[in-house]
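K.L.:
Listed below, chain by chain, are the residues.
There are 4 protein chains.
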Amino acid sequence: MNQHNATAILLLSCPDRVGLVSRISHFIFERQGNILDLDEHVDTESGMFFIRVSWDMDGFSISSGDLEEAFGPLAREFRADWKIHLSYEKPRVAIFVSKYEHCLQELLWRHGTGELAMDIPLIISNHRDLESLAAHYDIPFRMFSITPENKKEQELKERSLLEENRIDAIVLARYMQVLSQQFVDAYPNRIINIHHSFLPAFSGGNPYRQAFQRGVKIIGATSHYVTGELDEGPIIEQDIIRISHKDTLKNLMRKGRDLERLVLTRAVSSHIEHRVLVNGRKTIVFN
Amino acid sequence: MNQHNATAILLLSCPDRVGLVSRISHFIFERQGNILDLDEHVDTESGMFFIRVSWDMDGFSISSGDLEEAFGPLAREFRADWKIHLSYEKPRVAIFVSKYEHCLQELLWRHGTGELAMDIPLIISNHRDLESLAAHYDIPFRMFSITPENKKEQELKERSLLEENRIDAIVLARYMQVLSQQFVDAYPNRIINIHHSFLPAFSGGNPYRQAFQRGVKIIGATSHYVTGELDEGPIIEQDIIRISHKDTLKNLMRKGRDLERLVLTRAVSSHIEHRVLVNGRKTIVFN
Amino acid sequence: MNQHNATAILLLSCPDRVGLVSRISHFIFERQGNILDLDEHVDTESGMFFIRVSWDMDGFSISSGDLEEAFGPLAREFRADWKIHLSYEKPRVAIFVSKYEHCLQELLWRHGTGELAMDIPLIISNHRDLESLAAHYDIPFRMFSITPENKKEQELKERSLLEENRIDAIVLARYMQVLSQQFVDAYPNRIINIHHSFLPAFSGGNPYRQAFQRGVKIIGATSHYVTGELDEGPIIEQDIIRISHKDTLKNLMRKGRDLERLVLTRAVSSHIEHRVLVNGRKTIVFN
Amino acid sequence: MNQHNATAILLLSCPDRVGLVSRISHFIFERQGNILDLDEHVDTESGMFFIRVSWDMDGFSISSGDLEEAFGPLAREFRADWKIHLSYEKPRVAIFVSKYEHCLQELLWRHGTGELAMDIPLIISNHRDLESLAAHYDIPFRMFSITPENKKEQELKERSLLEENRIDAIVLARYMQVLSQQFVDAYPNRIINIHHSFLPAFSGGNPYRQAFQRGVKIIGATSHYVTGELDEGPIIEQDIIRISHKDTLKNLMRKGRDLERLVLTRAVSSHIEHRVLVNGRKTIVFN
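Protein chains in written order, with my numbering: chain H, 1 to 287; chain R, 1 to 287; chain A, 1 to 287; chain B, 1 to 287.
A portion of the hints provided could be inaccurate.
As the list claims (entries may be wrong) - Output of the computed footprint for chain A on chain B, the stretches with three or more beta carbons under 8 Å from beta carbons of chain A:
1) 88–96
2) 194–204
3) 242–250
These are calculated hints, taken from the structure and not from any lab test.
Note that the Cβ used here is the ideal one computed from N, Cα and C, for glycine as well.
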């Protein structure tokens, strides 16, 4: 693999101690790496240190294939969770949908323009509605209808398919089924959902109706990693839009769709650019 | 009372029917009133009609003193809730505070610049902390310490004082006591609170801490009318500010203070300019 | 034409005088019309009155075909500019594009979902790039390449085509040619442009580059009616997004595209819903 | 000076090269400093590197008094512009005002609450209007009336006074005089102005009137360093607020005041916390 124009990105978290930035940046420097970007954060409550550092692999003294082995001893000394990503290895992302098209449309359009540097080998749905949209963008579409009776079995088939396709991350683009705990556990902090409210307000079903009935003056959308607890996973991105008494429930939904599209896109961008670290039930998003 | 330069403002709600706008505007027109501003809204769910209309009293054929009697028959025919306000009658507003000064400071400063067209005959507190701030702005400050034992009795004293001062509305500017049901019932849709979260998220105590622990990316503030149910009254105004993982709890509080000041001020402005109508647990705010 | 479920919308401006709201609403009331929505505005500087009022044609005592004749005398008395639109007559909108697809994609997608109640009989471009996108949405695409030499002649052909298609309004969705004065004069306040800056900042060419070089912390987009003066027409809608020193010029363009899409869509919505009135070089947009 | 609980903050810019982060962080690490926060940025257009790094002086092996000498050799090798600030040395800030009180009020109030970690030894004005506000906060107020004839002489007196008071930075809180080039040159990137528009739109006089007449849908405020070119200095912070056709010029000014207060406060915060680096006519603001 050619290292020219390649960038390496280290994401690491470990207990905080003196010298972490110095020693990590020294690891890069002594191998002739030029740091392109470095962001770090210390969570003083948990005493944890988080870093994202990217460097140019052009001229780096060791090959990308040997990177993990070379960095291993330092990481073990720091008792770190860590991963090194290479810019030419695009994340492989599966998108799950049901009937609403706006989020899928947005992701596929942006992917088509090159704005989202990921591969989309697979769209999975429990309905046929969006098959033609997938076809328009030439992406394989697989349907698994879900009932309470067949859910376990169908999820196993889906997971096989995900493994065959070496999927790194899953985006739930208004997928209207709750994934089982086993499914979620197989992709920790790698399943991204969009919830159509400003969480924790209006979790659960029909958030626009809830918002309409409560009479809020602002509605929101939230993108988060999926955990076993519904709508409780670490939040990656949120945004809002102002509404008024003139807005009907239908208007709320229409305005909300614009939010959902943008918020989900930003969360997916941050994830595939390796800008998100999870800290308990919170996230650190380096911009 | 001189009617030159006076403006009359009618706030009215009633069951919707054909001809309401026409007949109300005709009432004004046939008495030589020039409509300055008219906003109306129909809530199709409840079938209710809401209107705010203001007109110039200069040249109006009946005096402000006779206005209510003249409009009465129409209002009865419409089975309306209604009230006519006159611009030279400034609302008399009491402010309740505890220890935090930012909301009080903001209200008093804006009042001093003439931006808030209201009288503030009285500041009531359960602590002494803000007495000197009240003194600086020359506003009477009365302290009523509240304990579970004396609460009922103290509230009665407060209510006497409010009545003596002919108070029209009460602003809870970070007042850290819950008012009793009896107190609230005496001022329906006339007590304005500021809650330091984006309601309905993080109702109850310590909303900034709750937001910090949940890891939201945006915090908010909400101003609402007080009802018997804590943090559940009709929302008048909300706003938000973006935060990140870098923000400590202390930062959240600091950023939130700026929100609270602005949101409460806007809600108070809307109320004293007679721009708010209550529709069940929602509000209509005409801008 | 069946009047059931039809709505009439009157847009009117005239010199302000006493009784306008009363007499207009009475015109509707005495013909058994139920007012659905009424917004008015008086510009005290110019002394002009502006109104948008919509009513239910179901049960109205005169047919939609006779509406204009019936309202004529009142309008003449008021010396008004006015127009009555009927909800079942969808505006016919032509879209002009060049090479950038994002604005066209957004309009076509929203049109496809039914969110934009207009017909799009025609897409005109000076390049071939977006022909397949037009084809995907089954909309006729016509190419007129423009050079300094052929511009006059090509514009005449375009105008013939617009007339044949009975086009009511034109949307310039990042059309990279300046229309001639004659062309603009043929569609006064009916050509909507999107400019990729917060006007009046960065008018003219390369606004993102200008913004990048100036080091602003916020970028914007502006949708306005086209007049003879470049980027000087009445503004319909603007919005902004925050940027930082980390944003490259390419990032600015990417973030800006999201703005352009939303701002243009909102302006087109307001126009086709007959919510915009022009007041000199300013607009009144009733929400 | 006790180093316990002290923080050192290095601000540095230099031509980019391999190893800068590593060598700077190593300088801190080998002296037992614990890095609290590190932000860096490379401007690929100019080839310049910018860094802000803060560390705990508690346990640091050299005293704060010897810091600059110790770091000097590295800085010279990098051909860097740099400065080390110590958290216990609060910046000394003079505020210049004229007649508008809102920005001064905001700064003094926040200073009083401890939110702005700076000393304010001096308020300078060309009018008497705000003398009592300064007195209320116990800050010396000095009046220098300015005419075209006496301007040079008065500025010299002001500058003497600033030097006597060892002023680090100057905040123009709606100061309605243009400072001379000589004055500006004496405080490069240390004079912070608030302009009441979204620069570069509406530079010069009466920006609210300009905005009102142009019919923009959003107004803004901009805080920037003062240079010899009016309204052209590096922008530190901007923000905006939405307006509509209903807003009179007076309303614009009122809404704008809220913006000015917030934007100026944020810019001053960033400056006194040593978060701003100037890059030509742009700024880098580390949050």
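K.L.:
Each of the hints needs a verdict: does it hold here or not?
P.N.:
Now for the hints, and whether the structure bears them out:
Coverage of a stretch by a chain is defined here by at least three residues with a beta carbon nearer than 8 Å to that chain's beta carbons; for the region 88–96 of chain B and chain A the count is 0, and the condition is violated. Evaluation of the coverage hint for the region 194–204 of chain B: fulfilled, as 5 residues show C-beta separations to chain A shorter than 8 Å, against a requirement of three. For the region 242–250 of chain B, the stated coverage by chain A is satisfied: 4 residues place a CB nearer than 8 Å to a CB of that chain, which reaches the threshold of 3.
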